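Number 45 in my numbering belongs to position 45 of the sequence shown; there are no gaps in the numbering.
Please keep in mind that the hints were generated in silico from the structure rather than gathered at the bench. Please note that a few of the clues may not be correct.
[Stated by the list, open to error] Below are the EDC-like pairs computed for lysine to aspartate or glutamate, each with C-alpha atoms no more than 20 Å apart in a straight line:
id : residue 1 : residue 2
1  : K93       : E112
2  : K65       : E89
3  : K60       : E102
4  : K60       : D17
5  : K93       : D17
6  : K65       : D31
7  : K5        : E62
8  : K85       : D69
9  : K78       : D17
10 : K96       : D17
Note that this is a predicted model, so its numbers are computed, not measured.
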Amino acid sequence: MNISKQIEIGEVIISSDVLETIVGIATHKVDGVAPLEKGFVSSIKDKLGKKIITKGISVKVENSKAIVDVNISVNYGKNLMEIAKKVQEEVEKAIKTMTNLEVKNVNVTVSEVNITAEK
Numbered sequence: 001m002n003i004s005k006q007i008e009i010g011e012v013i014i015s016s017d018v019l020e021t022i023v024g025i026a027t028h029k030v031d032g033v034a035p036l037e038k039g040f041v042s043s044i045k046d047k048l049g050k051k052i053i054t055k056g057i058s059v060k061v062e063n064s065k066a067i068v069d070v071n072i073s074v075n076y077g078k079n080l081m082e083i084a085k086k087v088q089e090e091v092e093k094a095i096k097t098m099t100n101l102e103v104k105n106v107n108v109t110v111s112e113v114n115i116t117a118e119k
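Work out the full structure, taking the sequences as your base and the hints as a guide.
What follows is the structure, given as structure tokens:
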């Protein structure tokens, strides 16, 4: 879902792909987060041009507030709850800073553990 804002001299539209990219970059900045492994659905999305950075990310906007769902892979040996909390904080900060959009929820699902990472 795109978000739009009317300003003095026209309209500004931010596409949902941009919101997902912002979330993806913020998520991968967190130490301990690893790229999601490719599954069947993600392989199809890659072939259709979906960016790898946005894999496992969904952003909806309801009543001018963002609702974010993020699936992450965490490196083995890291504290899952701590990493998830840092992801929530980074995502909220990035969305607010870059779009002035309020964030209602950042839901994090740890869907993989990366066992190839060094401890």
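Outcome of the hint check:
For the given pair, K93 sits about 24 Å from E112 by alpha-carbon distance, which is inconsistent with the 20 Å threshold. Using a Cα cut-off of 20 Å, the hinted pair K65 and E89 holds, with the two alpha carbons roughly 16 Å apart. Between the alpha carbons of K60 and E102 the distance comes to roughly 12 Å, so the proposed pair stays at or under 20 Å and holds. Taken as a hint, the K60 and D17 pair is honoured in the structure, with Cα atoms around 11 Å apart against an allowance of 20 Å.
For the suggested pair K93 and D17, the alpha carbons sit about 18 Å apart, so the restraint of at most 20 Å is met. For the hint linking K65 to D31, the alpha-carbon distance of about 27 Å lies beyond 20 Å, and the restraint is violated. Between the alpha carbons of K5 and E62 the distance comes to roughly 14 Å, so the proposed pair stays at or under 20 Å and holds. Distance check on the hinted pair: K85 and D69 sit about 13 Å apart at the alpha-carbon level, within 20 Å; holds.
Pair hint K78 plus D17 does not hold up; C-alpha atoms about 30 Å apart against a cutoff of 20 Å. For the suggested pair K96 and D17, the alpha carbons sit about 16 Å apart, so the restraint of at most 20 Å is met.
Comparing the model with each numbered hint stated earlier shows that hints 1, 6 and 9 do not hold.
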